[in-house]
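Starting from the structure of chain A, add chain B with the ligands where the hints point.
Letter by letter, the chains look like this.
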Amino acid sequence: MTDVLVCIKRVPEATGEVTLTPDGLGIDGSHAGYTVSPNEECAVELAVQVADGGRCTVLTLGPAGAVDQLRAALAVGMTDGIHIEGDSDAFSPADVAREVAAAVRARGEAGSAYDLVLLGNDAADTGDFQVGVRLAYALGYPVVTGIQTVSVEGSTAILTGEGPDGSETYRVALPAVVTVLEGGVEPRYPSVMGRMKAKKAPIETLAPTTVPVGSGRLALEVPPPPPNQVRILGEGAAAAPAFVATLAELGVLR
Amino acid sequence: MILVLVEIDDGALALVSQEALTFARGLGEPVEAVVLAAPGTDTSAAVADCAVQGVARVHLVDGPDLISYAAAAWASVVAGVLAETGASTLVASGSGRASEILAHVAARLDVPMAANALEASPVGESTEAVGGQARMPDQGSDTGTGLLVRRQVLGGAVVESTLLAAVPAILTVAGHAVEPVAAPVAGAASVVTVTPRIEPDDLRAQVASVTPRSGGDGASLTKAKVVVGAGRGAGGPDGFGGVDALAAKLGGVVGVSRVVTSLGWRPHHEQVGQTGSRINPDLYVPCGISGAIQHWAGCSSSKTIIAINTDAEAPMVTKAAYAIVGDMHEVIPAILAALDKRG
Ligand SMILES: Cc1cc2nc3c(=O)[nH]c(=O)nc-3n(C[C@H](O)[C@H](O)[C@H](O)COP(=O)(O)OP(=O)(O)OC[C@H]3O[C@@H](n4cnc5c(N)ncnc54)[C@H](O)[C@@H]3O)c2cc1C
Ligand SMILES: Nc1ncnc2c1ncn2[C@@H]1O[C@H](COP(=O)(O)O)[C@@H](O)[C@H]1O
Chain A
2 MTDVLVCIKR VPEATGEVTL TPDGLGIDGS HAGYTVSPNE ECAVELAVQV
52 ADGGRCTVLT LGPAGAVDQL RAALAVGMTD GIHIEGDSDA FSPADVAREV
102 AAAVRARGEA GSAYDLVLLG NDAADTGDFQ VGVRLAYALG YPVVTGIQTV
152 SVEGSTAILT GEGPDGSETY RVALPAVVTV LEGGVEPRYP SVMGRMKAKK
202 APIETLAPTT VPVGSGRLAL EVPPPPPNQV RILGEGAAAA PAFVATLAEL
252 GVLR
Chain B
654 MILVLVEIDD GALALVSQEA LTFARGLGEP VEAVVLAAPG TDTSAAVADC
704 AVQGVARVHL VDGPDLISYA AAAWASVVAG VLAETGASTL VASGSGRASE
754 ILAHVAARLD VPMAANALEA SPVGESTEAV GGQARMPDQG SDTGTGLLVR
804 RQVLGGAVVE STLLAAVPAI LTVAGHAVEP VAAPVAGAAS VVTVTPRIEP
854 DDLRAQVASV TPRSGGDGAS LTKAKVVVGA GRGAGGPDGF GGVDALAAKL
904 GGVVGVSRVV TSLGWRPHHE QVGQTGSRIN PDLYVPCGIS GAIQHWAGCS
954 SSKTIIAINT DAEAPMVTKA AYAIVGDMHE VIPAILAALD KRG
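So the sequences go chain by chain: A and B. Using my numbering, you'd call the opening residue of the first sequence number 2 and step up by one each time. Using my numbering, you'd call the opening residue of the second sequence number 654 and step up by one each time.
This is chain A alone, in the form it adopts within the complex (with noise of 0.2 Å):
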C-alpha cells in the first residue's frame, strides 16, 4: 500500500468581486468564503485512490480557519490530517517547502515515511508554480509538474500529464513528489459517513519550525473592471441577423 502525503492551501473563494485586507497586503475572504485549487482537489482524489484504503495524509500551512479545508479532504477519504499553524501570506514558496519538508522528515524519522507527496502545479491565489519543486529538492526526491493521473506499481509511481506533443508518462522511483493539474480524475463528493467520519479524524496541530523569510510582497492591488462598452445586438432569436452582420464586418466571414 502506497502511503500518500497530500498539501493543500486554504484560498479564498473569488466568483464574485474581490475586497483587500484593510492594509492592502491580503485578499479578504471573510464574505465570500474560502477554498482550496480544484488542482488540489484532485490531488486528493488521486491520494485516496493510490492509498487503496490505507493510510493518507492531508497537510495544510495556515491560519486556524484552514481545518475547514483539512477536513473537506478528510471527508472524501483522507484518514488523517496535519495543520501548521501560521499566516500563510506571511509565507513564501520556500519557506512553505521548508516547512513540509520538516513534517515529511520528522514522519520519516518516526518510522513511516510516505512514499509520495502530492500538490496542486500552482495555488488558487498566489500561482507561484513552484513550492513542490522547491519541496522535492529540500527532501532530494524527483518531482514531475503537472500531471493528471498516478497509479503505483511496486516502488514505482507512473505519471501521465499533458505536453507539447501529447500525452506523457514518467515512471519514477518512490518516493517522489508529484504536482497535479485538474482534468485526469473526477473529485468525489462526501458521503454523510464521509463527513461523520472527517469530524473525528485526527489532525495533528504543529508549529512552523522557523520564522519565514516572507514572499517580497509590497502591495496588492485590484485592478479596475473593463468600461462597459457592450453593444447589445438585440434580444432572442430575432437578434440572429444583427449577429451576422456583425461577424461579416470582424470579417470573420468571407
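Incorrect hints may have been included.
Each computed DMTMM-like pair below joins lysine to aspartate or glutamate, with the alpha-carbon atoms no more than 20 Å apart [said to hold, decoys possible]: (1) K902(B) / E983(B); (2) K876(B) / E163(A); (3) K956(B) / E250(A); (4) K878(B) / E250(A).
Here are some, though not all, of the chain B residues that point toward chain A, as calculated from beta-carbon distances under 7 Å [what the hints assert, rightly or not]: (5) E737; (6) E753; (7) H757; (8) A768; (9) T864; (10) T928; (11) G979; (12) A987.
Derived from the structure by calculation, the hints contain no laboratory data. All values reported here derive from a predicted model rather than from experimental measurement. Glycine is no exception: its CB is placed at the ideal position from the N, C-alpha and C atoms.
Okay, now just chain B with the ligands, sitting in the frame of chain A:
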C-alpha cells in the same frame, strides 16, 4: 545580461517565447537565449526569430541525455549558462515546461521566482526605471535594490507588486502581458553550442514515452481563431448541438466553462480558464457562461467577444464588446439559419 529560455512551436519560435523576449528587452540589458529543444531538432527558424527579437547570442544544447525531456536536467543546463554568463535575470514564458524549469533553477540556486509577471523594472542603484511597459506603483526609496515586478495573482483578478532582490532575478511572463514586437535593430543571434554533463540524479524524472494526440487536446483550443463557448446555460450533456454546429460553421472549436467539465458534460481538455486553457482567438462567442473571474482568466485575450446570455447583467455580457440577450437554445438555431441563408 538577461537570459531567456525559449521554446519552439511548429518549427518557429513559440509566440509566448517571442513575448518573453520582447518583455526581456524592455529591461534595458542585452538579451541572450537558451533554446529548449531536444538535440537534433531543427532550430534554424527559431534562431532567425531570436535575431528579429534582438537576441545577441543563442545557446543551443547538445547531448544524448536530453533527447527525452527531463526538467531537472534542463535546469542544470540553464543554471550552467547563468553561471558562465553572469546573467542578472532569467526570464521565460509561463508555459508548463518553462515554469517547471525555472522553478527548478530557482530551487537549485535558492533564490525567489515570480510567476506571471506583467511588467518589471530595476530599482535601487539606477534611479531611472526602465520597464516592460512600466507603470510602477509609487515606491518609497526604502524599497531596496532589485527587480520590481508586477504580476498577476488570483487568476488575474489581483495584481501583486513584489521585489526580487536576489541575483539572478527569476520570472515568468504572463500570457499577452506584452505584444511581441521586432527589435529596432536585429540581434546577431550568434550560436553557441552547449554540451552539458548531466548528473544521473537529474534524470530520475524523465519522460518515458509520449502518446501523440488524437485530436482531443487543449492545443487546438489555444491556437483557434474562433472559439464558441458553452457554460451551464447549455442545460445538460445534450445541450451542445447548436454550439458544435456554430463552431463548425465558423471554422472554430468549442470551449467550455468548468461547470460543464465538472458535471461531466464535456471533457476537461475543452475547459477555458485559470485551470483550463488560455485562449486568444479573434472571436470568442461564450454562450450561457456567466464570466466568473477564473473563466475570464482564460478568455480575456480574445480580440472580440460576442456573449449570448439570458442575463444582461452577467459579467461576461458587461465585459463583452457585443452581446445578445436571450436563450442560447433559441438564439443559436436562429443564427445557424441566418448563416445558412447567407450561403
Ligand atoms: C481556483 C478556481 C479555479 C477555477 N477555474 C476555472 C476555469 O478554469 N474555468 C472556468 O470556466 N471556471 C473555473 N472556475 C469556476 C468559476 O468560478 C465558475 O464557477 C464557472 O466558470 C461558472 O461556469 P458557468 O459560467 O458555466 O456557470 P454559471 O456561473 O452558473 O453561469 C451560467 C450562465 O448562463 C446563463 N444562462 C443560463 N441559462 C441560459 C440559457 N438558456 N441561455 C443563455 N444563457 C443562459 C446565466 O445567466 C449565467 O450567466 C474556477 C474556480 C476556482 C475557485
Ligand atoms: N500554505 C500552504 N499549505 C499547504 N500547501 C501549500 C501551501 N502553499 C502552497 N501549497 C501547495 O503547493 C502547491 C503550489 O503552490 P504555489 O507554488 O504557491 O503555486 C499548491 O497547489 C499546494 O498544493
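**Request:** Could you check the structure against the hints above and give me the numbers of any it violates, in ascending order?
**Result:** 5
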